[in-house]
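Make a model of the complete structure from these sequences and hints.
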Amino acid sequence: MTSISPLSSWNSAPSRAAAATSNRAEAAAPSPVSTPSSIVALSPESVNDGKPAAFVKPPMVWESATRDKVSEAMTKSFSSYAFGGRFSGLGAAMLGQAKLGNYNFSQAMRQPPPSTTPNIYAASGIAPGSLHGNGEDRVSLSITTKSGVEVKLSLDSQGDGLAVNMTTSGDLSDAEASALGELAKGFQEAIDGMGQSMPKIKLEGLMQFDQQVLESVKLHAEVKVRGETESTQTLDFQADGAQRKVSFSGEAGSLDLKVDASALNTLGSPERQAKALGSYMKQFDQAASRGHGDAGLMAMLKDSFTALHSNTAAPQVATDNPATGKWRLAAEDKSILTGLADFSASVSQTVKFSNPMRSAEKDGFNYEVSQKTEQAGASQDERSIRQQQQSKLSASYHQTLVPGVPLRLLDNTESQNYTYHQIEDAASSEAQVAYKDGKMVKASLRQEGSQSEHVMKYFLGKLQSDKTTPGNFSVLRDLLPVLGPYKSGEKEMTPEARLEQRKQALLTLSDDVLLQSYAGQTISLWQADVPPEEAVR
Numbered sequence: 001m002t003s004i005s006p007l008s009s010w011n012s013a014p015s016r017a018a019a020a021t022s023n024r025a026e027a028a029a030p031s032p033v034s035t036p037s038s039i040v041a042l043s044p045e046s047v048n049d050g051k052p053a054a055f056v057k058p059p060m061v062w063e064s065a066t067r068d069k070v071s072e073a074m075t076k077s078f079s080s081y082a083f084g085g086r087f088s089g090l091g092a093a094m095l096g097q098a099k100l101g102n103y104n105f106s107q108a109m110r111q112p113p114p115s116t117t118p119n120i121y122a123a124s125g126i127a128p129g130s131l132h133g134n135g136e137d138r139v140s141l142s143i144t145t146k147s148g149v150e151v152k153l154s155l156d157s158q159g160d161g162l163a164v165n166m167t168t169s170g171d172l173s174d175a176e177a178s179a180l181g182e183l184a185k186g187f188q189e190a191i192d193g194m195g196q197s198m199p200k201i202k203l204e205g206l207m208q209f210d211q212q213v214l215e216s217v218k219l220h221a222e223v224k225v226r227g228e229t230e231s232t233q234t235l236d237f238q239a240d241g242a243q244r245k246v247s248f249s250g251e252a253g254s255l256d257l258k259v260d261a262s263a264l265n266t267l268g269s270p271e272r273q274a275k276a277l278g279s280y281m282k283q284f285d286q287a288a289s290r291g292h293g294d295a296g297l298m299a300m301l302k303d304s305f306t307a308l309h310s311n312t313a314a315p316q317v318a319t320d321n322p323a324t325g326k327w328r329l330a331a332e333d334k335s336i337l338t339g340l341a342d343f344s345a346s347v348s349q350t351v352k353f354s355n356p357m358r359s360a361e362k363d364g365f366n367y368e369v370s371q372k373t374e375q376a377g378a379s380q381d382e383r384s385i386r387q388q389q390q391s392k393l394s395a396s397y398h399q400t401l402v403p404g405v406p407l408r409l410l411d412n413t414e415s416q417n418y419t420y421h422q423i424e425d426a427a428s429s430e431a432q433v434a435y436k437d438g439k440m441v442k443a444s445l446r447q448e449g450s451q452s453e454h455v456m457k458y459f460l461g462k463l464q465s466d467k468t469t470p471g472n473f474s475v476l477r478d479l480l481p482v483l484g485p486y487k488s489g490e491k492e493m494t495p496e497a498r499l500e501q502r503k504q505a506l507l508t509l510s511d512d513v514l515l516q517s518y519a520g521q522t523i524s525l526w527q528a529d530v531p532p533e534e535a536v537r
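The sequence shown: position 151 = 151 (the UniProt record's numbering), numbered continuously.
Careful, some of the hints might be misleading.
To be verified - Simulated restraints on C-beta separations:
hint	residue 1	residue 2	range
1	S379	A331	16 to 22 Å
2	E136	T413	41 to 47 Å
3	E500	D381	25 to 31 Å
4	N134	K462	40 to 46 Å
5	G484	S379	19 to 25 Å
6	S452	K69	56 to 62 Å
7	K467	D381	53 to 59 Å
8	E150	T232	23 to 29 Å
9	K439	A497	22 to 28 Å
Hints listed in this document are in silico derivations from the structure and should not be mistaken for laboratory results. Beta carbons: idealized from backbone N, C-alpha and C, even for Gly.
Listed below in structure tokens is the structure:
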């Protein structure tokens with residue numbers, strides 16, 4: 001015998017077997033009003049043309065009978081096994097509800113295992129609500145408003161269920177609810193990025209939070225990587241008006257990035273920041289190419305570096321307010337700065353030992369880059385500014401002797417045909433200015449770098465060559481002639497011509513102070529206008 005209780009219109013895939021055993025008269029009769037939390041119980045005789053009920057999936061069990069956009073999104077996304085598919089559209093739907101004023105809700109769904117037991121809860125053994133906080137894949141978002149209200153969202157997924165939850169510690173104003181809703185797309189992009197087979201850090205949308213309404217945004221994502229060997233990859237992100245940080249850990253390696261945007265007076269114009277970001281993107285690509293870094297990890301660095309430096313702007317009116325920086329900086333001061341907020345970043349690739357015959361040889365990649373700005377002095381007229389940029393690359397890798405032929409190192413001499421590379425690079429840039437009695441008395445730029453590549457060549461397991469190629473450069477430039485009073489011989493120039501000349505000189509200098517990781521680039525940069533005694537190689 002078959003007994004059927006009413007089904008919700010959004011409940012996924014009602015049993016075809018149940019429909020097949022209902023008589024035609026019943027099918028033609030008007031359906032009663034559906035109850036979302038109702039359960040279907042099927043007898044063994046009525047299912048799947050006589051097949052045992054163990055082969056039939058019971059209907060979903062829901063925590064709440066509430067019908068809303070979030071429940072509908074859960075129904076649509078549950079059929080996807082992949083993490084990204086499971087949470088597809090859910091983050092956006094949850095924050096979309098907040099924009100409508102519905103910011104306290106909980107929902108969960110669970111697929112019980114096939115069973116002949118009529119009581120589905122007994123068959124599953126666990127109610128849907130127990131999924132909250134216990135998913136194999138999980139995402140949480142915490143947002144604090146300027147008024148102090150904390151909003152928390154959580155998403156949990158595992159093989160047989162899905163759960164979401166949203167709570168607030170107090171009432172939200174219309175402006176706060178709207179600001180939350182504006183983050184819906186960015187939240188979903190961050191979720192989808194982590195859900196890909198090759199994860200990506202997509203934080204641009206979350207970084208555009210309204211800093212006039214929201215105090216901070218925090219994201220945590222934990223994803224189980226399924227395959228021959230299971231592992232977990234995690235992402236943590238935190239941002240407020242001044243501090244931003246990202247950390248990622250996964251099978252490929254780890255990444256850490258911190259940005260301090262509290263000193264607004266050192267920030268440059270959007271154009272200046274864009275140029276500096278472009279320069280660093282080039283630096284990252286060069287490091288990845290030279291050290292054979294993991295493409296996915298370096299893409300994460302580039303994406304997160306760009307995102308965390310967004311939504312920062314220099315004050316329109318410079319003041320001596322300590323909240324925006326220690327001093328009011330002149331155009332000459334800013335010309336020696338990159339225009340970016342201070343930061344520190346590191347990428348560490350998981351070490352692999354790919355040569356069974358030489359366990360001491362490893363494949364690895366470690367890259368660090370940072371910027372630090374110091375403002376000192378007893379007063380505005382006695383101020384000094386110094387900005388340091390540094391980068392360091394340490395990498396090692398194996399390479400085939402025959403281009404285009406994959407390297408496969410085995411435990412025999414016939415496979416031992418390769419070169420083993422060890423890279424050690426470092427670069428730094430330091431620019432500074434100092435004032436006494438309101439007049440610039442010191443301005444300089446020093447850039448240094450070193451490169452080293454150690455290459456060992458093996459053929460049939462025998463060492464054929466062992467060579468180290470070093471490279472060093474050092475450039476020191478006195479900037480007073482550029483930043484100080486007008487040069488001698490310019491008295492005949494018109495005020496307009498002098499102003500234009502100075503503007504161009506400051507623009508050129510602002511390009512020159514950007515970090516250069518390769519000696520050849522820096523030397524060529526200076527050789528046209530630096531006296532021989534100021535450049536040393």
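Going through the hints against the structure:
1. S379 - A331: 16 to 22 Å: holds (20 Å)
2. E136 - T413: 41 to 47 Å: Roughly 45 Å apart at Cβ, these two residues keep to the hinted range, so it holds.
3. E500 - D381: 25 to 31 Å: Since E500 and D381 have Cβ atoms about 28 Å apart, the given range 25 to 31 Å holds.
4. N134 - K462: 40 to 46 Å: violated (56 Å)
5. G484 - S379: 19 to 25 Å: holds (20 Å)
6. S452 - K69: 56 to 62 Å: Check passed, 58 Å falls within 56 to 62 Å.
7. K467 - D381: 53 to 59 Å: Since the Cβ atoms of K467 and D381 sit about 56 Å apart, the hinted range of 53 to 59 Å holds.
8. E150 - T232: 23 to 29 Å: holds (27 Å)
9. K439 - A497: 22 to 28 Å: This hint holds: roughly 24 Å between Cβ atoms.
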